[in-house]
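Chains as they are written, first to last, in our numbering: chain Z, 20 to 156; chain U, 171 to 261.
There's no promise every hint is true.
Partial chain U-side listing against chain Z, Cβ under 8 Å, derived [as the list claims (entries may be wrong)]:
| # | residue |
| --- | --- |
| 1 | Thr179 |
| 2 | Pro180 |
| 3 | Asn227 |
| 4 | Tyr229 |
| 5 | Ser252 |
| 6 | Ile254 |
| 7 | Ala256 |
| 8 | Ile257 |
| 9 | Ala258 |
| 10 | Gly260 |
| 11 | Arg261 |
Pair ranges (Cβ atoms, derived) [what the hints assert, rightly or not]:
| # | chain 1 | residue 1 | chain 2 | residue 2 | range |
| --- | --- | --- | --- | --- | --- |
| 12 | U | Gly196 | Z | Val154 | 46 to 52 Å |
| 13 | Z | Pro112 | U | Asp247 | 41 to 47 Å |
| 14 | Z | Leu155 | U | Thr197 | 51 to 57 Å |
| 15 | U | Asn231 | Z | Lys61 | 23 to 29 Å |
| 16 | Z | Asn132 | U | Glu190 | 43 to 49 Å |
| 17 | Z | Pro112 | U | Ser200 | 33 to 39 Å |
| 18 | Z | Val146 | U | Glu190 | 28 to 34 Å |
| 19 | Z | Glu150 | U | Gly220 | 42 to 48 Å |
| 20 | U | Glu190 | Z | Ile84 | 14 to 20 Å |
| 21 | Z | Val115 | U | Glu218 | 19 to 25 Å |
I should point out that these hints are in silico values taken from the structure, not numbers from a laboratory.
Note that the structure is predicted; figures quoted are calculated from it, not measured.
For glycine and all other residues, C-beta sits at the position ideal for the given N, C-alpha and C.
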Amino acid sequence: MQSKAQLVVPSHLVSEIISHCRKVYPHEACGILAGKDGVVKKVYKMTNIENSGVSYMMEPSEQFIIMKEMRKEGLDMVALYHSHPHSDAYPSPRDVKLAFYTEPVYVIVSLINEPEIRAFTINEDGVNEVEMKVVLK
Amino acid sequence: MAVIVRIPTPLQRLTQGKEEVESRPGTVISLINDLDKRFPGIGERISEGGKIRRFVNIYVNEEDIRFLKAEETEIKDGDEVSIIPAIAGGR
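Looking at chain Z on its own, in the form it has when it is part of the complex (with noise of 0.2 Å):
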């Protein structure tokens, strides 16, 4: 798959993904960004099956709803989001090995300090950077 360069998230979207990683703290957060192009529309919050600070699953019902409803209102599954409550806003080499979809692109906030986010592609071309260029909306 193409890499995609550029994530576009509007600010307010980008508060709502760092509020759901502090609220969720020590625990890694993890969701879903829908939209379409690479543009960011939607924030759905999922549930961390997993209640750790070290590792996350989405909650499978959850995530088969919001697939379901992503399709059936034209949306695609743009990026993938999860915290890294004591660690780089890099992807790991759980993420990297667990990195089953390729096209979406993978947030990574780091809580070590200030939040940091970062966005990146994992595919067969190992892992890449992508420029995240938030707007106002």
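Please build the complex by placing chain U on the supplied structure of chain Z, with the hints as guidance.
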């Protein structure tokens, strides 16, 4: 009528880009074997040794097969089967 199988994007390269394929009634595991005959390689991505992989979820219509009879869940004509890789990771 047939069984409709929804293929997730990561596996569509094995189904020539098709999002949906048809299969025959039977058990979940027989359906996976049928898919693997027609789309070689897809079976091992979904199951291992006759068991669904840990990071793959399968739904028959609206039901997770783990709450039905897992691999032995019967699929009827007209049912829709969704194969959904988990979203997981972390550090």
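Now for the hints, and whether the structure bears them out:
Look at U/Thr179: its Cβ gets to within about 6 Å of chain Z, closer than 8 Å, so that hint holds up. Hint status for U/Pro180 relative to chain Z: holds, with the closest Cβ pair at about 5 Å, below 8 Å. The interface hint given for U/Asn227 holds, since its Cβ lies 4 Å from the closest Cβ of chain Z, which is under the 8 Å cut-off. Taking 8 Å as the C-beta contact cut-off toward chain Z, the hint placing U/Tyr229 at the interface holds, the least distance being around 6 Å.
Interface hint at U/Ser252: satisfied, since its Cβ lies 7 Å from the closest Cβ of chain Z, which is below the 8 Å cut-off. Interface restraint check for U/Ile254: the shortest CB-CB distance to chain Z comes to about 6 Å, inside 8 Å, so the restraint holds. Annotation: U/Ala256 was flagged as interfacial toward chain Z, and the flag holds, the nearest CB pair being 6 Å apart, inside 8 Å. A distance limit of 8 Å between C-beta atoms decides the matter here; for U/Ile257 the minimum to chain Z is near 4 Å, and the interface restraint holds.
For U/Ala258, the interface hint holds, the least distance from its beta-carbon to any beta-carbon of chain Z being 4 Å, beneath 8 Å. At its closest, the beta carbon of U/Gly260 sits 3 Å from a beta carbon of chain Z; the interface hint therefore holds under the 8 Å criterion. Look at U/Arg261: its Cβ gets to within about 3 Å of chain Z, closer than 8 Å, so that hint holds up. At roughly 50 Å, the beta-carbon separation of U/Gly196 and Z/Val154 lies within the given 46 to 52 Å, and the hint holds.
Judged by the Cβ atoms, the range 41 to 47 Å given for Z/Pro112 and U/Asp247 holds: they are separated by roughly 44 Å. In this structure the supplied range 51 to 57 Å holds for Z/Leu155 paired with U/Thr197, their Cβ-Cβ distance being about 53 Å. The beta-carbon spacing between U/Asn231 and Z/Lys61, approximately 25 Å, falls within the hinted interval of 23 to 29 Å. For the hinted restraint 43 to 49 Å between Z/Asn132 and U/Glu190, the CB-CB distance of approximately 46 Å keeps it satisfied.
Checked against the hint of 33 to 39 Å, the C-beta distance between Z/Pro112 and U/Ser200 comes to roughly 36 Å, which is consistent with it. Remark: the range hint 28 to 34 Å for Z/Val146 to U/Glu190 is upheld by a beta-carbon distance near 31 Å. At about 45 Å, the CB distance of Z/Glu150 to U/Gly220 agrees with the hint of 42 to 48 Å. U/Glu190 and Z/Ile84 have their C-beta atoms about 19 Å apart, which keeps the hinted 14 to 20 Å range intact.
Checked against the hint of 19 to 25 Å, the C-beta distance between Z/Val115 and U/Glu218 comes to roughly 20 Å, which is consistent with it.
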